[in-house]
Amino acid sequence: GAGVSQSPSNKVTEKGKDVELRCDPISGHTALYWYRQSLGQGLEFLIYFQGNSAPDKSGLPSDRFSAERTGGSVSTLTIQRTQQEDSAVYLCASSLVWREETQYFGPGTRLLVL
Amino acid sequence: GNSVTQMEGPVTLSEEAFLTINCTYTATGYPSLFWYVQYPGEGLQLLLKATKADDKGSNKGFEATYRKETTSFHLEKGSVQVSDSAVYFCALGDYSGAGSYQLTFGKGTKLSVIP
Chain W
1 GAGVSQSPSN KVTEKGKDVE LRCDPISGHT ALYWYRQSLG QGLEFLIYFQ
51 GNSAPDKSGL PSDRFSAERT GGSVSTLTIQ RTQQEDSAVY LCASSLVWRE
101 ETQYFGPGTR LLVL
Chain D
1 GNSVTQMEGP VTLSEEAFLT INCTYTATGY PSLFWYVQYP GEGLQLLLKA
51 TKADDKGSNK GFEATYRKET TSFHLEKGSV QVSDSAVYFC ALGDYSGAGS
101 YQLTFGKGTK LSVIP
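Taken in order, these protein sequences are the chains called W and D.
The opening position of the first sequence corresponds to residue 1 in this note's numbering, with each subsequent residue numbered one higher.
The opening position of the second sequence corresponds to residue 1 in this note's numbering, with each subsequent residue numbered one higher.
In isolation and in its complexed conformation, chain W is listed as follows (with noise of 0.2 Å):
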């Protein structure tokens, strides 16, 4: 596609409950990266995705998180037993190889756990 687009771009769920949030890198960029943008912490790498796997899951807040990348595309951050302080806004980015400097980000998806 255009560009780096993420779904769904606002989510609100409860306390305790689980949610997916989609990324769908630019086509053809192997290397695919979450971030969380949250008001207290700025922003925060996550996870880093070389095709489909993920050689480096340090940046994950808890063992609640978890992400998953199929096809060397499309990936999915699951966060499981939601707490309120996962409320930030999400954001996804891509580049064309994975020692390609310039990443390319998603508009993100802004969650809020009630």
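A hint or two may mislead.
Quick list of in silico lysine-lysine cross-link-like pairs, PhoX-like style, CA-CA up to 25 Å [stated by the list, open to error]: (1) D:Lys49 <-> D:Lys77; (2) W:Lys11 <-> W:Lys57; (3) W:Lys57 <-> D:Lys107; (4) D:Lys107 <-> W:Lys11; (5) D:Lys107 <-> D:Lys56; (6) D:Lys60 <-> D:Lys49.
Because the hints were derived from the structure by calculation, they are not lab data.
Since the structure of chain W is provided, determine the placement of chain D on it from the hints.
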């Protein structure tokens, strides 16, 4: 670890004023430096970048110079416009131990330009 510190906002300027947003960094390696911009209701966009010391990145009238001696990458524009109102993020890019290319961001500076 790596970190980025940028001046806190919000910053309010009149149209045609001079803009400086300060950014300093701490890094163990030889990072690349970036300025990203987030316009209201839109996603992050790369504004400019510099990949080594003394490089100057420039775009849309904005510029920033990679200063290794002062570990700084200050953003400047000679004459701001209302359309420059946005949140500006300074970022550092470097490779992690696992080989991924990570961006470390500052907390962002909100700029409002009034006519």
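Worksheet item: Is lysine 11 of chain W within 25 Å of lysine 57 of chain W, Cα to Cα?
Response: With a Cα-Cα distance of about 24 Å, the restraint between lysine 11 of chain W and lysine 57 of chain W holds, given a limit of 25 Å.
Fill in: Given pair status - lysine 77 of chain D, lysine 49 of chain D, alpha carbons within 25 Å
holds (15 Å)
Worksheet entry | Straight-line alpha-carbon gap lysine 60 of chain D to lysine 49 of chain D, limit 25 Å | holds (13 Å)
Practice prompt. Verify the proposed pairing of lysine 107 of chain D with lysine 11 of chain W, using a straight-line Cα cut of 25 Å.
Written response: Roughly 24 Å separates the two Cα atoms, so the pair holds.
Practice prompt. Measure nothing beyond the straight line between the CA atoms of lysine 107 of chain D and lysine 56 of chain D; if it is 25 Å or shorter, mark the hint as holding.
Written response: holds (22 Å)
Item to complete: Take the C-alpha atoms of lysine 57 of chain W and lysine 107 of chain D, compute the straight-line distance between them, and say whether it is at most 25 Å.
Response: Measuring from Cα to Cα gives roughly 22 Å; hence the hint holds.
Figure legend: structure checked against the earlier numbered hints; every hint is met.
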